[in-house]
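All chains, full assembly: derive it from the sequences and hints.
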Amino acid sequence: MIFNFIPKEFNFFDLFDKQIDCAIEAAIHLRHIVVKGSVDDEALKKMQDIEHKGDEAAHLIIDRLDKSFITPFDREDIHSLAKEMDDIADMINTIVNRLKVYKVTGVDKNLVEFASIIEESVKTLAVAVKGMRNMKHSKSVIDACVEVNRLENVGDDLRDRVLAELFENEKDAIKVIKMKEIYQDSETVLDVCEDVAHVVGSILVKQA
Amino acid sequence: MIFNFIPKEFNFFDLFDKQIDCAIEAAIHLRHIVVKGSVDDEALKKMQDIEHKGDEAAHLIIDRLDKSFITPFDREDIHSLAKEMDDIADMINTIVNRLKVYKVTGVDKNLVEFASIIEESVKTLAVAVKGMRNMKHSKSVIDACVEVNRLENVGDDLRDRVLAELFENEKDAIKVIKMKEIYQDSETVLDVCEDVAHVVGSILVKQA
Amino acid sequence: MIFNFIPKEFNFFDLFDKQIDCAIEAAIHLRHIVVKGSVDDEALKKMQDIEHKGDEAAHLIIDRLDKSFITPFDREDIHSLAKEMDDIADMINTIVNRLKVYKVTGVDKNLVEFASIIEESVKTLAVAVKGMRNMKHSKSVIDACVEVNRLENVGDDLRDRVLAELFENEKDAIKVIKMKEIYQDSETVLDVCEDVAHVVGSILVKQA
Chain A
1 MIFNFIPKEF NFFDLFDKQI DCAIEAAIHL RHIVVKGSVD DEALKKMQDI
51 EHKGDEAAHL IIDRLDKSFI TPFDREDIHS LAKEMDDIAD MINTIVNRLK
101 VYKVTGVDKN LVEFASIIEE SVKTLAVAVK GMRNMKHSKS VIDACVEVNR
151 LENVGDDLRD RVLAELFENE KDAIKVIKMK EIYQDSETVL DVCEDVAHVV
201 GSILVKQA
Chain B
1 MIFNFIPKEF NFFDLFDKQI DCAIEAAIHL RHIVVKGSVD DEALKKMQDI
51 EHKGDEAAHL IIDRLDKSFI TPFDREDIHS LAKEMDDIAD MINTIVNRLK
101 VYKVTGVDKN LVEFASIIEE SVKTLAVAVK GMRNMKHSKS VIDACVEVNR
151 LENVGDDLRD RVLAELFENE KDAIKVIKMK EIYQDSETVL DVCEDVAHVV
201 GSILVKQA
Chain C
1 MIFNFIPKEF NFFDLFDKQI DCAIEAAIHL RHIVVKGSVD DEALKKMQDI
51 EHKGDEAAHL IIDRLDKSFI TPFDREDIHS LAKEMDDIAD MINTIVNRLK
101 VYKVTGVDKN LVEFASIIEE SVKTLAVAVK GMRNMKHSKS VIDACVEVNR
151 LENVGDDLRD RVLAELFENE KDAIKVIKMK EIYQDSETVL DVCEDVAHVV
201 GSILVKQA
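Those sequence lines, one after another, are chains A, B and C.
Residue 159 in my numbering is what sits at position 159 of the first sequence, and the numbering runs on without skipping anything.
Residue 15 in my numbering is what sits at position 15 of the second sequence, and the numbering runs on without skipping anything.
Residue 45 in my numbering is what sits at position 45 of the third sequence, and the numbering runs on without skipping anything.
Since the hints were derived computationally from the structure, they do not count as laboratory data.
None of these values were measured; they are calculated from a predicted model.
Warning: the hint list may mix true and false statements.
Note that identical chains are pooled: a pair holds if it fits in a single copy or bridges any two copies.
To be verified - The list that follows gives simulated cross-link-like pairs (lysine-lysine, DSS-like), each with its CA atoms no further than 30 Å apart: (1) 67 - 45; (2) 175 - 109; (3) 67 - 36; (4) 139 - 67; (5) 18 - 45.
In structure tokens:
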């Protein structure tokens, strides 16, 4: 009978992997877009497809969670993990959508810098999320979580620097409205990554 | 003894009904205001009264929840439901208040369109919320939740379209600041409706 | 054996005290800054130190919570309390940081008024939080929670008044962008205080 439950446990990890892979895909796509300096309909569509794929994985996790008797760790931690990981691709999608809706074009070096840090953070987070399958890897999981926290601080400093620059140099208030929101959203992606790292960290503590 | 508990169960449903009725009242009031194109003190007062009535129902639910041994479904779902439903009238109140504080006057056809979709979404949500009393109605509950999700997507597209228009046509940055926030808030109401529909959906799954 | 657990219970209260003391320190520091009308590097550093100290207390609470078998009240209430109290110093830090990044200088009487109400609210909240140790003080805890709620309403009215003023008098859209965000953040601090008061109130109800 127990063999009926074990595959369900493994499924959670498979779905977490799928979610974090979507987040990586979203982060890479964002970097490509800002390096190119424009969002066309195709790029927007691709972003939405990535986000939907992530959404599906998240919904499947929540659905399984409601139906499973045995879960690999605390139900509420699984719920938070699925929810917070979903927020990564969601928030990146929001940024790409704003670039399109606000017709922001041209390469903005600050945005390129943000996209690089976001990609680095999400890839590091993937090490933590995928490492949860095997608690023998807990050292590398912890290291990854610490690095995600560090990158969030890097993002805070970057946001402060680019906003100060924006208010200093940009005299077109409408441009300020647009870019301020996009920079703040970029930093929010790093906040969400840190939130995911916290959940992973707290799962680790409970399993220790 | 059991008869002491049953009325408490029914009370939860009565209070959910009261909450969603307040949300409907708020949505109708918002539409009237934007169709008229101005918020006077009386309209603002009426909005606040609706919101307070909703608040009272929400507080009563949380209070009962803390004191009840038996609840019609998961305590955390009841908590989420009360909290999220409260957010509907809250957010509509925020919009009405901004219209007043920012002195936005004149009929804005985009805002009228938003108000219509919000009213439709809240009324559809009421079908779902009220249908929970009797799980024989689960088909109509599910249909209503699906429709609320669809209307959230309609709202996303509308927000993108009206923001693109705003940035394209409005040269007065201060007007942009005001309307951008109000359009985004309007879309947020639809997000909150979708959140409520998700909670209802997950309650249904667990009862199935 | 039970004596091993009791000190752990007391530790939670000690850490709650530490958190709310950090929040008070942050509120006083904010008032000093806005009365002076400028944020220098030293003032920014001091703010960050206060916030980090609060963060540490919050993390310690969450960590203990994961490891404790017996807790003075519901685990989820402890979690909410630690999280929400942390948000107070966090949000105040955000305001101070914006004043620095946006280079807002000069004494703004509206901001001074906000800072005074924030300080009053946080100090009142401390009476509630510290009163939880001894349920014989429940009357004074409840009174403090009611007062925090009242101050949140005062803050709402203040925000509406200062935003109306800002849109009425300030013709520089970039200045509007900056101050609007800072006023709204100030009101958010009072919202967070109210959230903490709600958690304290619900703990009281359960213990009654």
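These are the hints, each one checked on the structure:
1. For the identical chains of this complex, residue 67 and residue 45 are neighbours neither inside a copy (33 Å) nor across copies (46 Å), given an alpha-carbon limit of 30 Å.
2. When the C-alpha separation of residue 175 and residue 109 is checked against a cutoff of 30 Å, the pair qualifies both within a copy, at 16 Å, and between copies, at 25 Å.
3. For a Cα distance limit of 30 Å, the shortest separation of residue 67 from residue 36 qualifies neither inside one copy, at 45 Å, nor across copies, at 49 Å.
4. In this homomeric assembly, residue 139 and residue 67 come within 30 Å of each other (Cα to Cα) only across copies, at 20 Å, whereas the closest approach inside a single copy is 32 Å.
5. In this assembly of identical chains, the alpha carbons of residue 18 and residue 45 lie at most 30 Å apart only when taken from the same copy (20 Å versus 41 Å across copies).
This entry does not satisfy hints 1 and 3, going by the numbered hints stated previously.
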